[in-house]
Structure formats: C-alpha cells, structure tokens
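*Asks:* All residue numbers for the sequence shown refer to my numbering, where the first residue is 16 and numbers rise by one.
Because the hints were derived from the structure by calculation, they are not lab data. One or more hints might be untrue.
Stated by the list, open to error - Label-pair restraints from in silico Cβ distances:
#, residue 1, residue 2, range
1, I120, D59, 39 to 49 Å
2, E195, F73, 12 to 22 Å
3, L25, S125, 55 to 65 Å
4, L227, K122, 24 to 34 Å
5, K167, T245, 29 to 39 Å
6, A50, E195, 22 to 32 Å
7, E74, L25, 31 to 41 Å
8, S125, D59, 13 to 23 Å
Glycine is no exception: its CB is placed at the ideal position from the N, C-alpha and C atoms.
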Amino acid sequence: MLPFMGSGSLWDGINPNLIASIYEVDHKGEPLDEANRVRCLFVDDANLEATLNWQSPFEGAGPESRAPTLSAMLQSGAIQPLAARVGAGEATKEVSETARGRTGITKLNSTQVFSGMPPLRLQATIMLRAWRDPQAEVEEPLDRLMGWALPKELAPEGTLLTAAVDWVSEGDRDVNGFVEAAMPSFAPSLLAIRYKGRLYTPMVIESIGIPLNSPSDKYGRFVQIQLPVTFATLTAWDRRDWEDSRS
C-alpha cells in the first residue's frame, strides 16, 4: 500500500491502481505540489473518450450532387419510359441501359480526411467517504477539488477600455503591465490524474456536481459523497502523448 499523502479517504486494503490521485501541475504537466493531492475512487462508469473528426470533403464531387434527380433516374432505369413517351429515340434508350446500375461514387470522392480532434475527456464519478474524520477525509478534499475547478481569482470589475486607461495613466508603461491590466483575473488550476498505471496531464475540470443531499453527520459535514466530474486534457493528444502516459 502506498503511503498516505495529501487529503482524501483512507482506502486501506484497496489495490493502489484502483485509487485515483489528483494534484496540481503547471502548463507543462510538472507537479506544483504533488504532496497536496486528493486520493479518491472512481465509481460507476469512468470513461475516457477520444473524438476523432474524419470528414469526406470530396463527397459532393459526383453527379449525384449536381443533378440528383437525373442521376437517380439514369441509375434506376426510370428514365427509359419517360424517354419513350417524349419520343427521345433509341439513343436515349441505349444510354439508359448503359447507365442502369451504375453510380458516381468512387474511392476518391468517398475518401475521408482527418480534420482534427478536440481534447480527450474523462468522465468519472468521484467517491469520498469518511472512515474516521469527515473533515479530513471528505470536506477538505471536496474543498480542494472545488478550489481547483473554480478560477483562482476573478477581478471585481474592468473592461479593455478601462484597462487601457489605467495602463496609460501609469508611469511605467510596459507590455506586461498592459497584459495584467487587460486580463486581471486568473484561470482555474491545471491538474494531473494518476490512475491505473497511467498519468493524464495537464488536465482541467470542465464540470463538477455536488449532490447536497448526500449523507452528513450532526455537524453538517459530509460523511460520503459522489461527485460527477468531467475532466479534459488541456490540448488534443497524439500517439506519443498516449505512450508517455504509461508510467
């Protein structure tokens, strides 16, 4: 059993690979304070989803898209009775027989090309449960997860116009000062998740839910809670990222 580090429930007797470890990292995925981690279980379904966008840009290159009715009548042979009624002659009949059962679909105009992908998403339900101390085992890791999910700081007010005015009014007008004035708030934390022999980093929390009707003690502290959370990688992953996640 790994030594207990950070906050979270005491999962004695459980295989360490089944315990998820979450901690804060920088934009390169390097730990900021790995000891300040949350250890928890993923219950129900924990699903890592990669959506790969493949498109068929040549799909509209065939005659079916240019003249769909005429193309369909030629392929099905339905144009032959119509040609006979208008007296189009044997040439039209021969063309109709030649076109019957043929199609404009080819390997070229059905070829798919890779047009990109969004970041990977990990949907899981985090369980925190108190065996001895609800404050240390549930409340503190809950507060830490919410602290990571929410912005570190939001400026009370300010627009780009007021930021420009403030920057001009300053004596030392450097570029860094303008950036700080134009974007005065701080984004949420970047995280790493170590689970079942893989390290997913850097990641962000896209959504988190807190079921307020979860069991609690007489002081109102949660003794067990299950949090539906959606994590996402900061960027899209390639093959090397996936291979590097095995650690």
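*Asks:* Mind listing which of the numbered hints don't hold for this structure, in increasing order?
*Replies:* 2, 4, 5, 7 and 8
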